[in-house]
Amino acid sequence: MESLTFEYQGGRPLASAPPATLVGVVSSGNLEVLVEPTDLGGACRIEVLTAAVGFGAIWQAVLDDFFDRHRIADVRISINDVGATPAVVSLRLDQALEALTGGQP
Amino acid sequence: MHDWDLQARNRKARLERAAPVSKGKVVATADARALLEAVIEPGDRVCLEGNNQKQADFLAKTLASLDPGRVHDLHMVQSVLALPEHLDIFERGIATRLDFSFSGPQGARLAKLVGAGQIAIGAIHTYLELFGRYFVDLTPRVSLVVAQAADAAGNLYTGPNTEDTPVIVEATAFKRGIVIAQVNEIIDTVPRVDIPGDWVDFVVQSPSPHYIEPLFTRDPAQISEIQVLMAMMAIKGIYAEYEVNRLNHGIGFDTAAIELLLPTYAESLGLKGKICRHWALNPHPALIPAIESGFVESVHSFGSEMGMEAYIQARPDVFFTGPDGSMRSNRALCQAAGHYACDLFIGSTLQIDLAGNSSTATLGRIAGFGGAPNMGADARGRRHASPAWLKAGREARSGRNVIPRGQKLVIQMVETFREHMQPAFVERLDAWELAESAGMALPPVMIYGEDVSHVLTEEGIANLLLCRTDEEREQAIRGVAGYTPVGLARDKRMVENLRDRGVIRRAEDLGIDKRLATRDLLAAHSIKDLVRASGGLYDPPKRFRNW
Amino acid sequence: MDAKTLLERLFPGGCDVAFDDVYFSGTGQCNNTDVAVLGTVDNTPIGIELAYRMAGEVLDVVRNHPGRPILLLVDTQGQRLSHRDELLGINGYMAHLAKCIDLARRNGHRILGLVYSHAVSGGFLASSMLADTCYALPDAEIRVMNLPAMARVTKIPLERLTELSTASPVFAPGVGNYLRMGAIEALWEGDLADCLAKALAAPVAGDRRRAFGEERQGRLLARPVADRVRHDAV
Amino acid sequence: MRHSYYEDSARERLLGLLDEGSFREILPPTERVVSPHLRQLDTPAAFDDGIIVGKGTLDGHSVLVAAQEGGFMGGAVGEVHGAKLTGLLERALDERPAAVLLLVESGGVRLHEANAGLIAVSEVMRAVLAVRAAGVPVIVLNGGQYGCFGGMGIVSRLCDAIVMSEEGRLGLSGPEVIETTHGVEEFDSRDRALVWRTVGGKHRYLLGEATVLVDDDLAAFRAAALSLIGSTPDLGLEAMEAEHARLGERLRRFGDCRDALDVWERLGIAEPERLPILDTETFLATVSDKRA
Numbered sequence: 049m050e051s052l053t054f055e056y057q058g059g060r061p062l063a064s065a066p067p068a069t070l071v072g073v074v075s076s077g078n079l080e081v082l083v084e085p086t087d088l089g090g091a092c093r094i095e096v097l098t099a100a101v102g103f104g105a106i107w108q109a110v111l112d113d114f115f116d117r118h119r120i121a122d123v124r125i126s127i128n129d130v131g132a133t134p135a136v137v138s139l140r141l142d143q144a145l146e147a148l149t150g151g152q153p
Numbered sequence: 410m411h412d413w414d415l416q417a418r419n420r421k422a423r424l425e426r427a428a429p430v431s432k433g434k435v436v437a438t439a440d441a442r443a444l445l446e447a448v449i450e451p452g453d454r455v456c457l458e459g460n461n462q463k464q465a466d467f468l469a470k471t472l473a474s475l476d477p478g479r480v481h482d483l484h485m486v487q488s489v490l491a492l493p494e495h496l497d498i499f500e501r502g503i504a505t506r507l508d509f510s511f512s513g514p515q516g517a518r519l520a521k522l523v524g525a526g527q528i529a530i531g532a533i534h535t536y537l538e539l540f541g542r543y544f545v546d547l548t549p550r551v552s553l554v555v556a557q558a559a560d561a562a563g564n565l566y567t568g569p570n571t572e573d574t575p576v577i578v579e580a581t582a583f584k585r586g587i588v589i590a591q592v593n594e595i596i597d598t599v600p601r602v603d604i605p606g607d608w609v610d611f612v613v614q615s616p617s618p619h620y621i622e623p624l625f626t627r628d629p630a631q632i633s634e635i636q637v638l639m640a641m642m643a644i645k646g647i648y649a650e651y652e653v654n655r656l657n658h659g660i661g662f663d664t665a666a667i668e669l670l671l672p673t674y675a676e677s678l679g680l681k682g683k684i685c686r687h688w689a690l691n692p693h694p695a696l697i698p699a700i701e702s703g704f705v706e707s708v709h710s711f712g713s714e715m716g717m718e719a720y721i722q723a724r725p726d727v728f729f730t731g732p733d734g735s736m737r738s739n740r741a742l743c744q745a746a747g748h749y750a751c752d753l754f755i756g757s758t759l760q761i762d763l764a765g766n767s768s769t770a771t772l773g774r775i776a777g778f779g780g781a782p783n784m785g786a787d788a789r790g791r792r793h794a795s796p797a798w799l800k801a802g803r804e805a806r807s808g809r810n811v812i813p814r815g816q817k818l819v820i821q822m823v824e825t826f827r828e829h830m831q832p833a834f835v836e837r838l839d840a841w842e843l844a845e846s847a848g849m850a851l852p853p854v855m856i857y858g859e860d861v862s863h864v865l866t867e868e869g870i871a872n873l874l875l876c877r878t879d880e881e882r883e884q885a886i887r888g889v890a891g892y893t894p895v896g897l898a899r900d901k902r903m904v905e906n907l908r909d910r911g912v913i914r915r916a917e918d919l920g921i922d923k924r925l926a927t928r929d930l931l932a933a934h935s936i937k938d939l940v941r942a943s944g945g946l947y948d949p950p951k952r953f954r955n956w
Numbered sequence: 023m024d025a026k027t028l029l030e031r032l033f034p035g036g037c038d039v040a041f042d043d044v045y046f047s048g049t050g051q052c053n054n055t056d057v058a059v060l061g062t063v064d065n066t067p068i069g070i071e072l073a074y075r076m077a078g079e080v081l082d083v084v085r086n087h088p089g090r091p092i093l094l095l096v097d098t099q100g101q102r103l104s105h106r107d108e109l110l111g112i113n114g115y116m117a118h119l120a121k122c123i124d125l126a127r128r129n130g131h132r133i134l135g136l137v138y139s140h141a142v143s144g145g146f147l148a149s150s151m152l153a154d155t156c157y158a159l160p161d162a163e164i165r166v167m168n169l170p171a172m173a174r175v176t177k178i179p180l181e182r183l184t185e186l187s188t189a190s191p192v193f194a195p196g197v198g199n200y201l202r203m204g205a206i207e208a209l210w211e212g213d214l215a216d217c218l219a220k221a222l223a224a225p226v227a228g229d230r231r232r233a234f235g236e237e238r239q240g241r242l243l244a245r246p247v248a249d250r251v252r253h254d255a256v
Numbered sequence: 081m082r083h084s085y086y087e088d089s090a091r092e093r094l095l096g097l098l099d100e101g102s103f104r105e106i107l108p109p110t111e112r113v114v115s116p117h118l119r120q121l122d123t124p125a126a127f128d129d130g131i132i133v134g135k136g137t138l139d140g141h142s143v144l145v146a147a148q149e150g151g152f153m154g155g156a157v158g159e160v161h162g163a164k165l166t167g168l169l170e171r172a173l174d175e176r177p178a179a180v181l182l183l184v185e186s187g188g189v190r191l192h193e194a195n196a197g198l199i200a201v202s203e204v205m206r207a208v209l210a211v212r213a214a215g216v217p218v219i220v221l222n223g224g225q226y227g228c229f230g231g232m233g234i235v236s237r238l239c240d241a242i243v244m245s246e247e248g249r250l251g252l253s254g255p256e257v258i259e260t261t262h263g264v265e266e267f268d269s270r271d272r273a274l275v276w277r278t279v280g281g282k283h284r285y286l287l288g289e290a291t292v293l294v295d296d297d298l299a300a301f302r303a304a305a306l307s308l309i310g311s312t313p314d315l316g317l318e319a320m321e322a323e324h325a326r327l328g329e330r331l332r333r334f335g336d337c338r339d340a341l342d343v344w345e346r347l348g349i350a351e352p353e354r355l356p357i358l359d360t361e362t363f364l365a366t367v368s369d370k371r372a
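Protein chains in written order, with the working numbering: chain U, 49 to 153; chain W, 410 to 956; chain P, 23 to 256; chain S, 81 to 372.
Isolated chain U, as found in the complex (with noise of 0.2 Å):
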C-alpha cells in the first residue's frame, strides 16, 4: 500500500456546494472516489490510496491532467485504488465531478 498526496492551487471555487458524492467500487483493477467540497483555501487536495506500489510519478501526470481539465478550488478528493489503470482513473475522476456538479461546470 502507498499513501499519496497532491494539492493544485489556482482552481475555481464551485459555484454552489453540492453533497460530497463517490462513484467507483474498491475492487481488483477498480478504485472508489469520494468528492468532497470543502474549505481548502482555494486548494484543490486529492489523497490517494494505493495498492500498487512505485507508480506515483503516474499518478502525478493523470491528475495534473485531470485538475487542468476541470480547475476545481475547495474540493477534496479521495480515492482508495486497487491497481486500476491511468484509463480508468481518469474515467472515474470524471464521473466523480460530473455526478457532483451535475454536469454544470
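The hints are simulated quantities; they were obtained by calculation from the structure and are not laboratory data. For every residue, glycine included, the Cβ atom is placed at its ideal position computed from N, Cα and C. Hints should not be assumed to be uniformly reliable.
As the list claims (entries may be wrong) - Calculated Cβ distances over 12 Å to all of chain S for the following chain P residues: (1) Thr-27; (2) Ala-120; (3) Phe-146; (4) Ala-194; (5) Ala-208; (6) Leu-209; (7) Pro-225.
What the hints assert, rightly or not - Just a few of them, taken from the derived set where beta-carbon distance is under 7 Å, the chain P residues facing chain S: (8) Lys-26; (9) Ala-117; (10) His-131; (11) Val-256.
Position chains W, P and S against the provided structure of chain U, taking the given hints into account.
Using the frame of chain U, we list chains W, P and S on its own:
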C-alpha cells in the same frame, strides 16, 4: 538408369507392413500404435494435425507412446503445438526437428526444450507460409489428421471444423505419402465428403471424440467501458471514414466490443449497409447480434466455434455451408481471403514499439505467429480496388511523387496499460531479447510497423498513413500512448501539431461523448443475451454459462 | 473432554440422554430443574439431516415442555461441505435451526450454549451462537479457518498472520479470542454443575456481545458503529 | 429497456430501486468508518466498508435498506460491515418502517477479520429475527454477480421473502470451497451450468427458497419488493412446525437426488434439461404448478 518411382515403391512397402493390422482402410482403435510403427520410418517428416481448435489428440498421444528405439529422428511439421503430447514426442526422443507456426499454450515448455537441445527448430512460420512449404520443401511423408466421421472407403466428413485438413491431405496424398485419419465414428455413409476416400489410406476410430477448444468465444460480461470507448472510436473514426466493408477481426474483448456495438452505436450513426458487410472470420458468438440486425452479409471461416453449429446451419445465406447444412471452413483459403480480399484487419497485441512494430513475444516463451501476420500485412500482390483500400493508399502517398496504389488498413488496438500496469508501449520490444536468448535469426515481430496504418488506444487514434517522417511517426505513437513512460516522454508541441493535422484524433475530436461509453451500448451483456439474440440456436459450452 | 464425561460433570445427579451416532439429546437435572440437552460429538460436520434433527428437537421442547431451558452442546467442524447439501438448500436448514432456537427464546426458554470441543463457522452460527449466552471450556477450539488456509486464501504471508495474531484477536482461532470479542460470555472451569446452575440463574437482556467485546477491548467498533446506525439522525 | 441489476454496483442498485431522491445514507462514505483490520494487513479499505445502509421510500412506503457491494472483498462481512447491518436492523425496531430491504451480495465472513465477521453475522441473525418478531418484514433481493453464500446465505433464509433472478446464487459453501476441500468430483466449480442449476435462482425458486423469480432487471426487482412489503412476519410455533414439515418433506422427496435435473424430473417437469435456457416468463409458466 535413374529410378523415378522410389516414393511410390516406398509407399507400397509401408502399406504392406500395415496390411496385417488393417481391414481395408479401417484400423481398430487398439491397433493404432501398431499402425504407426508399421508405416512411420525413422527420419520421416510427419505432419500432425491440430490448430488452435480441433486436435488429432488420439494420434498425437499414440505417436508420443511409440518406442523411440524403432521410431526416431522424426521431423515434425504442424500448425500449432497445443497439447502436452506435441512436446512429449520430442522429450521422448521420437522426433528431433520441428517446423511450425504457433505454440500458444506450450510456449514456455517449448523454449525449455529448445534450450536443452531436444528440439531443433527449422523455422517459425505464418499459417500460409507453412502450408505453402508443404508443397515445396516440407512435404509430409506421413500425415496424421482428424475428422468427425469416415466411411469404410476412407471418405472423411469433418463437419464444420474442416480447418487445415484439406491442405495437409492434398500435400501428402499427391506426393505418395501416407494419410491416417482419426475419426469420432465410422459410419456407412458420411453426410458429405470433405476429403475424398482415395486420398486417405487409413481411418481409426478414437476412443473419445477429438478435442476442440472454444477459442473464439468472448463473454460480453467481461467487456469494460474503456473497451466500449475504443470500439466507438474504431467505428466512427475508422470503419465509417474508410467505408470498411470487408474485414477480419482478431480475437479479443476489444474486437468483440466492436462486434457488439454494430447493432447499437453503428446503427445509430446510420452505418448499416455501409460498413462491415463481408467477413473473413471464425463464427464469433459476439457477431450474432450484428448478423441478426442485418449488418452482415457473408462470413467465411478458418474453423468453426463450439456451440455455433445450429445457428450457422440456420443462417445459410450468411455462412458457407455444405449440402448437409453444416458449415464448411478452410483455414488456408480463409487466410488467403483475409490477406487479399479484406480491406481491414484489427487486432490487439502485447507490445508496440516507437516504429509501430508489434509483438506478442515474452521472455521464456516461444509463441510463434499463427495467422495474424498474414491478416495484418498489406497485400503487395493485391490489384483490385475498393474505397477503403484507395483512401488508405491516397493518404499514404499524398504529397509524394509515386504511382497511385491502394493500401490495406491494419489497426493495432490496445489499451495503453494491460493488467498489472504493464505498459503496451515500449522503447524496445522484448522480442529482441527473446531472439538473442533463443538464437533466432530475427526478433519475432507479429506485425511490422510499416504495415500498420493506425494505432488505436483509449487516448485516441494515431493515423500512421499520414506521417511523413520517422519522427512524426514516433510522436504520433507517443501521442496515443497515454501515461506509459513512452507516452509521458512525448514532445507535447509536436503532438498538438499532429492533432491539429488530424494525424492524432482524440475521442472529442471525433465527436464522441465519453460519457456515453458505457456497457449499456453493448447489444448483448452476457452469453445468455447472445443465446437469446440467436433465437436459442447458439448453445454455448458449459464454462461460459451462468444459468 | 468427551461428551459423556461432560454430561456427568454437568449433571452429577444423573441425566437421561440418548446417543445416536454423532447426535445426542435428552434431559438433565440442575437444581431440580429439567434442562433439555442436545448436541453432537466427534467434531462432526453439520449437514442437512443433523440440522433438521436438532431443529425438530427444539420444536419438541417448545411444544411439549414450555419454559424448559435448553443447553446446546454442539461439537462441530462446521457445515458439511457437499454438493448434495447445497443442492437441497443446506443454508435453509441451518436457518431453520436458528429460527427454532430463537422461537424457543421468545417463548421463554432459557438457551445456553457450551463449546466443549470444537465450534467452527456455519455449524456454530446456526446453533450455539443463537443462545442467550454462550460459554466454552478452556481447551475448546473455536475458529473460522486455520491460519495456513487463511494465508492461502488472502495471499497474506503466514508469518505476518502469525505475528499479528499475537496482538489481535480478530482473525486467529482460539477460545480466548472469542472471549475477548464478546461472543463467549465466560469460560467454565472447575465445578461445571455449579457453572451451569449460575448461568441458568443469571439474568439475560438481549444480545450483549458487542458491549462485552468493547469492554474486553477485543472488538472496539461493533458497538459504537451499530449504535450510530441505529440512532444517528438522517 | 432493461437495466441490469446483476451489472450494477450496490450503490447504483440501491438508488435505482428506491423512489428517486428519497435515499438518505447513514454513516456515509464521508464519515470514513473503514475497517481498521484491513489496513493492518496492508489491504485496501473502502469508505463504506462494502455496505451502504440508510432509509428511503419505495412507492411512498418508508423502508430501511442495506446493499452489499460484491466488488469489494466479495461483499464479505467484517466488523464494521456487520455492525452497520445490525444497527440498521435494530433501527427498524425503533422506526417501524414498512419493511427492511436487504440487497445481499456476499461470500460470507471476511477472512481478514474472520472472528469479528463470524460474530457479526450471528448478531445480524439475531437482529433479523428480532425485527421480524416485532412485525416488520425483512425482504432479501439477490441477483448480484457474487451470489450470496456463507453466513449471509443463512441470514437470507431467516427473512420473510427472497427475490431472485436466475443469475442470483444462494447457498452456504461456495462451489470453489467444496471443490478445494473434497475434489472436483464432488463439485466441479468451473462447470458453470452445474453451479447455476445447483445454487442458481431457478432451482432456488423451484425448491421454494426464493419467493419470487424475476428477470435481471432493476425495475422487476423493485416491483417484486413492492409486492412483498405488505407481508406479515409469522415466527410462531405453528409456522415453524409447518416449515419443519416442508423441510422434512424435501428431504424425503429429494434426499437421494444427485443433480438438480433429478429434482426437477421428480417435480414432474417434462424435459427438465430445457429449464436453464428458458426466459423467466416461459420458465414461470412452465413450472407454475410444479414447485416443491
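To see whether the hints hold, each was checked on the structure:
1. Distance check for Thr-27 (chain P) against chain S: the nearest CB is about 28 Å away, which clears 12 Å, and the non-interface claim stands.
2. The beta carbon of Ala-120 (chain P) is not kept farther than 12 Å from every beta carbon of chain S, the shortest such distance being approximately 6 Å.
3. Separation of Phe-146 (chain P) from chain S is inadequate, the least Cβ-Cβ distance of about 7 Å not exceeding the 12 Å criterion.
4. With a minimum CB-CB distance of about 8 Å to chain S, Ala-194 (chain P) fails to clear the 12 Å threshold, and the non-interface call is violated.
5. With a minimum CB-CB distance of about 16 Å to chain S, Ala-208 (chain P) clears the 12 Å threshold, and the non-interface call stands.
6. With a closest Cβ-Cβ approach of about 16 Å to chain S, Leu-209 (chain P) is found to remain outside the 12 Å limit, as its non-interface label requires.
7. Chain S leaves Pro-225 (chain P) outside its interface by the beta-carbon criterion, the shortest separation being 18 Å against a cut-off of 12 Å.
8. The criterion of a C-beta within 7 Å of any C-beta in chain S is not met by Lys-26 (chain P), whose closest approach is roughly 28 Å, and the hint is violated.
9. About 3 Å separates the beta-carbon of Ala-117 (chain P) from the nearest beta-carbon of chain S, less than 7 Å, and the hint is met.
10. The interface hint given for His-131 (chain P) is violated, since its Cβ lies 12 Å from the closest Cβ of chain S, which is over the 7 Å cut-off.
11. The closest approach between the C-beta of Val-256 (chain P) and any C-beta of chain S is roughly 4 Å, which is under the 7 Å cut-off, so the hint is satisfied.
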